[in-house]
Amino acid sequence: MSNNVFKLNKITFSYPQSEPVLSDLNLEINEGERLSILGANGCGKSTLLKILAGLIFPQSGTFTAFGDKIEQKSFSGEISTTYHRRVGFIFQDSEAQLFCSTVYEELAFGPLQLGLPRDTIKKRIDELPAMLGVEKLLDKPPFRLSGGEKKKIAIGSVLILNPDVLILDEPTNSLDPRSQAWLLNLLQALSKAGKTLIFATHNLDLVPQVSDRAILFDEDHTIAADMPVKELLKNAELLKRVNLVDQHYHTHPWDFNP
Amino acid sequence: MPTPNNMDNNPETPSDIPSWLLEKNQAGNVKVRSSGTNFIAKSLHHFSEVFENEFFCERYASKPMMLQCLDPRVKVIVLFAFMLFSAFASSIVILLALAIVALLYAKLSGLDMKDYVRRVWAYIPLIIFIFSIPGASSLFTKGTPLLTILQPGTFGLRGGLYFTASGFKMAIRLALRPGISLSFAFLLLLTTRWTRITGALASMHLPLLLVSIFNMAYRYIFVMSDMASNMMEARFLRTVGRLEAAENRRFMSRSVAHLFIKSHFLSEEIYDAMVCRGFTGKPVSVDSFKISSIDILFIINNIVILLVLIAGEHLF
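Residue numbers (the working numbering), protein chains in the order written: chain A, 63 to 320; chain B, 3 to 318.
Hints in this document: simulated from the structure, not taken from any laboratory. Remember, it's a predicted structure, so these values are computed and weren't measured experimentally. A portion of the hints provided could be inaccurate.
To spell it out: a stretch of chain B is covered by chain A in this simulated footprint if at least three of its residues, at any positions, have a beta carbon under 8 Å from a beta carbon of chain A; those stretches are [stated by the list, open to error]: (1) 159-165; (2) 187-200; (3) 266-273.
Yeah, the Cβ is synthetic: ideal placement off N, Cα and C, and Gly gets one too.
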């Protein structure tokens with residue numbers, strides 16, 4: 063029996079009046095996998111993440127998630143809420159993800175929308191802030207927080223749904239080194255618990271620590287490589303060819319020690 | 003090996019940097035005319051401040067005072083009833099009584115009375131009154147002379163020019179009505195968390211689409227005003243001296259267009275973020291509403307007040 067979480071077969075996607083952002087894309091992501099999506103700006107990483115998150119739908123090809131074919135026409139109601147409960151998406155811009163009056167309401171938004179029992183919501187909100195280190199922020203309006211605090215709340219607001227798959231777009235953006243280390247530990251713990259983690263990032267220092275497999279987008283929106291992270295990061299020629307790094311890029315043996 | 007802090011040896015230093023960029027800036031002593039006060043920038047800043055401190059931070063909504071303790075549905079119904087009544091009331095005495103009721107509730111709810119009165123009465127009602135004054139003259143409204151401006155026969159005006167008592171009453175009524183509506187609207191907004199107001203509206207079967215639009219507008223009005231304020235600041239930092247009025251207008255129109263495009267992208271992203279967390283268009287609140295004995299007492303009290311005012315409307 064296949065343990066595919068996502069399967070994309072010949073996926074094509076283009077925004078109105080634009081060239082295709084994804085073209086004939088084939089990709090399989092397995093349960094419990096840690097995958098990084100790499101590529102230069104504008105190569106299609108964020109579009110792929112949005113497809114995986116069930117926000118946009120490919121114009122051709124087939125997209126299968128958890129064994130079911132995902133199609134725009136049938137993706138509503140129960141199917142949509144179940145999907146979003148299983149797949150959590152943390153946006154690059156935390157500002158867009160925080161829209162409630164207080165941090166408490168922000169954390170409660172997802173569970174309330176998905177109809178979780180109020181006792182469960184309360185229990186989760188009682189426990190989660192301690193893990194995030196935001197206990198004192200619960201009554202504050204999210205827009206008053208610092209960049210790092212906003213990111214933590216954005217992560218918490220998704221984690222509270224306990225998704226099976228966590229998709230993160232540039233997760234270390236606006237985090238200071240200490241918060242980055244905190245996030246790294248959290249992601250490693252989630253991975254050990256069997257969650258599927260998918261990242262899009264430009265932070266190549268982070269990649270070997272949070273993922274085992276990487277896919278690399280070429281500038282023509284096709285996949286240039288799909289291989290173990292260590293192999294990919296050592297292939298400086300390939301990274302240069304897709305315009306992700308410059309001629310001074312190099313790795314050290316200790317980069318790959320978690 | 004590259005040494006990042008050494009410009010001379012760093013091969014990454016672009017070779018085509020213009021020479022003037024590497025020279026010391028000599029323009030430090032150039033004197034230019036000041037760009038003067040910036041009305042729009044100041045207004046935006048003030049607008050952000052009010053929203054930030056009084057609505058978003060729920061400065062008054064969290065106080066355990068009279069209106070704050072009530073069920074939001076009761077507050078919405080009662081305060082809307084007062085607004086509606088003010089639209090139909092024609093007696094100035096009754097309209098003044100309504101304004102006093104609002105002031106009384108503001109006091110009992112712990113609002114800063116000076117700020118409250120200034121925000122409600124100092125702008126819109128005053129402007130409406132000033133603009134209505136020409137309508138109170140004998141040119142438009144006939145009636146008993148109250149204040150003579152031009153004696154009969156001046157400039158060929160046979161009856162002269164004067165303000166009439168009925169014209170003045172009309173101007174006062176025109177100013178009082180929006181003032182009263184604002185009074186009750188402010189009371190509702192300042193003493194109730196927005197999520198509770200929209201939750202109450204949803205529970206009263208207002209279309210969910212409308213409730214969602216209210217929620218989004220409230221959540222992002224601050225973000226947008228902050229964005230606009232940042233744009234003004236960025237422009238101020240890059241402006242040396244006074245700009246022509248036409249250039250200022252061009253900047254403003256470009257800023258508005260830019261803000262509109264940005265708000266479009268932001269709203270799409272926010273909606274996506276909401277959908278990702280299970281949003282289907284139906285607002286769900288953390289709070290659950292329950293009518294208590296205080297709410298029932300408040301309703302009875304206000305029914306009595308309204309009945310007295312209705313009776314008064316026929317008397318005065």
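Status of each hint after checking the structure:
no., hint, result
1, 159-165, "violated (count 0)"
2, 187-200, "holds (count 3)"
3, 266-273, "holds (count 3)"
The earlier numbered hint that this structure contradicts is number 1, and it is the only one.
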